[in-house]
Amino acid sequence: MFTELLVCLLIGGLICFLVQRSRKQVLKTEDGWWGPGAPPDGGEDVTIYPFKVSTNDKELEDLYTRIDQTRPVPSLEDSQFNYGFNSQYLQKVVSYWRHDFDWRGQVDKLNQYSHFKTNIEGVNIHYLHVKPKKVPVGSAAIPLIMVHGWPGSFYEFYGLIPLLTEPTEPHDLVFEVVCPSIPGYGFSEAPHKKGFDSVCAAHIFHKLMQRLGFQQFYAHGGDWGWLVTTNMAQLQPKTVRGLHVNFAPPSKPGLPMALSIMLGNRFPKLFGFTDMDVQRLYPCMDKLVVESIKESGYMHIQATKPDTVGRGLNDSPVGLAAYILEKFSTWTSRDFRNLEDGGLTRKFSLDDLLTNVMIYWTSGCIVSSMRFYKENFGKGLNAPHSKMTVFVPTGFACFPNELMHTPKLWVKQKYRNLVTFTPMARGGHFAAMEEPQLMAEDIQKFIKLVEKKKQQ
Amino acid sequence: MERLQVLKGTFCSLDAFQKQLLIGSAVAAGGILAYMVQKRRQVKSIPLGEGWWGAGEKPLSEDDQIYPFKVQTSDEEIEDLHERIDRTRYADPLEDSCFQYGFNSTHLKKVVSYWRHTFDWKKQVEVLNKYPHFKTKIEGLDVHFIHVRPPHRDNQKVLPLMLVHGWPGSFYEFYRILPLLTENQDGVVFEVICPSIPGYAFSEASHKQGFNSLAAARIFLTLMERLGFSQFYLQGGDWGSLITTNMSQMKPQCVKGLHLNMCTSNKGFKVMLSLIVGPYLPFLVGLSREDVRRLFPFFEKNVWEILKESGYLHIQATKPDTAGCGANDSPVGLAAYILEKFSTWTDIRNRDLEDGGLERKFSLDDLLTNVMIYWTTGSIVSSMRFYKENFKGNPDNRVNAKTGIFVPTGLAAFPNELLHCPKSWAQIRYRNIQSYNYMPRGGHFAAFEEPQLLANDFVQFVKKVEKF
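Protein sequences appear in the order of chains A and B.
Residue 443 in our numbering sits at position 443 of the first sequence; the count goes up by one each step and never skips.
Residue 317 in our numbering sits at position 317 of the second sequence; the count goes up by one each step and never skips.
Be aware that a few hints might be false.
Restricting the straight-line Cα-Cα distance to at most 25 Å, the calculated cross-link-like pairs of lysine-lysine (PhoX-like) are [stated by the list, open to error]: (1) B/LYS308 / A/LYS379; (2) A/LYS408 / A/LYS387; (3) B/LYS110 / A/LYS194.
Just so you know, the hints here were simulated from the structure itself, not pulled from any lab data.
Could you put the whole structure together from the sequences, leaning on the hints where they help?
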């Protein structure tokens, strides 16, 4: 009897100790320097410069010449999108791009919001800053930073931004939105030194928000944006008022997750698994392992040889388009692999898709965008931040066709203060671009709840 | 003696029924044992199968003539190449990154400058044409090959030999070893056939899905038959190693000997055991000192390194059409992709060099000629598809993975090969290893890099088989 009690006390004490330890953990990082050569002697230039996306005839002519010089290779008979982007359909997309796509018009569209650049830690950071036109009397606009992923860009949020800065519902919150480009993506300068990972990006974005005068703000992200905003919440939990993500692959498999995989389809209620969870996770060998292997070739090569794989894509606009648009097909729904046209235009317009591709093309950033994979995965999956939990209020929007399905139990392993977990009606990986209305609704719902809780 | 008496006594004391049972089961056991021994000794082969890979429907009859072929180029082709090179949009490499992020951009500019201003493709085409080329239609595809007849045939044994290349190589990899095999005069000389795998170089690519190493093996067997060879030797590395192995499994009676400079073993209990026990008691699990030196520490040397170097394999085995698209428009992109392998697979330490050690073992002319073969034929995408076709489903469950290889086999183990395969592991499937040698230097592209060493090992293997 006595020994049992002692053992229980010991185990209890151990658990308390571990919980305390994890509660106290805050992610630490230092200032970095990512510019060329050594940092200059004088201080940093903290000026914010307005920026306008521009184009010219030369750029377009060069694009067209290269498109005209493409050497297409026919796809195998009946292979649809199973071997990658189907060559026959690619010709159709490219034909639209060459003859109908209006890049100048799209540049005007890009410039409808105010762009800026400012130098932080040696690299020029590009961002949009969208202030709401009307704010209801007696309240202030809520600052929100939205971070994109790969192969996306700030442009993914163009459908979502007006729903947040100019909501139609009278009781909706009004937001002031900042959309930066991760260094190495789009119009943000690429780092010149090795080692620029998601924590470095998070640190830079904190500095950006500080430079813009925000003491506290909300953060939203998907794909890499999920990791960067999560790191922001881990670095400065007091500054990030709430974190909203639509993608949250488990970074550290623990006992609850392992048990739930093994027993989840027999005892779903035990782990809080809904029907959708069971359907998306099982058979787990096929859905978790085989599917991941089939779709992660790009990640493997980008995490090991980014300079090699990106090389040809920076010269061949068609190659770049095939590489990027394949993801917009397959990551929106896996079933699209069996369609001749990859289902590409079912959820997106060619104009929007090609504008995103043009951002990668005109800025020549494909290689630096790929290096982010190597910097984050190159040394394995044991980064300190992956073992730390997040205590900032979190909202998770669970889209049915997301690449990796995370049931509530798994999300809670890392996000200890999960305020909302919403199974969404439809949508895949590029949720903000595909279903901006649904996303806006969930962000509103989440933040309203957090604000209410904070007022109590 | 006494024991025998005791046994005899026990036996006699049994009654008639028990005696019959005992004798019966002894005979049955003996029969099963004899059958098992017999089965093991029987040379198993894998079925030939059949296929047709041309466009559309298969016609009623096929043209099986052999047509001579000449590699050609034109001013337009060279001008187009130069224009594209001039339009390359480089990105700066990260400071101090050497070849760790892939092909270093700064060094790439130097290689490309040579390519643009000094490399003479017309001259290289003449080099390619110094051996006679041919094409013939098999299973709906035009199969390209070179056929090199030895000039000095008197008082020599002339043996037919097929050399099969891999990725990202080509028949051109063998141009340095060909004279060593066809022009020697010490008794044994070879008549060599060097085909291009369909989808590579001048061989037509398959139009249908499913073209894997078994299909390539069958096509090459048909080729040898069409050329009139009933028995021949085979040599290969990379994909060539798998294809020649499959050929030996399909028609062992035709293959006099199989020589490989790369082989993979099945994972299995024996391999696992030797991994666990190997570092401590190597001789117990059939590992030599040299094996231990090349294999361990296993995790660092093999698992991590393989993960770091197999990104290309992963993307090519899943999305070849996407991966190859850009490389088919951008010659510099193609060169970076291919030459990175010639750097890293020759010596993995080349990743830490500013220039990737590229020209330590190869001349830029040779390297760029190989790249030009991929460029001018536009075959990078189809060459990548071969990975997907071979990795569909579980490779361990394919028919050839479970069948052994019984033809006389010779293995040359090069020290910088990607994955070392000790003799004891190779013996799991290659049941008739006549020669296994550790080579003093050389990496993955052995025939290209160390032709003399490979030729020497191959000739000594053949002499053993021929009982010279």
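Tested hints:
no. : hint                : verdict
1   : B/LYS308 / A/LYS379 : holds (10 Å)
2   : A/LYS408 / A/LYS387 : holds (18 Å)
3   : B/LYS110 / A/LYS194 : holds (23 Å)
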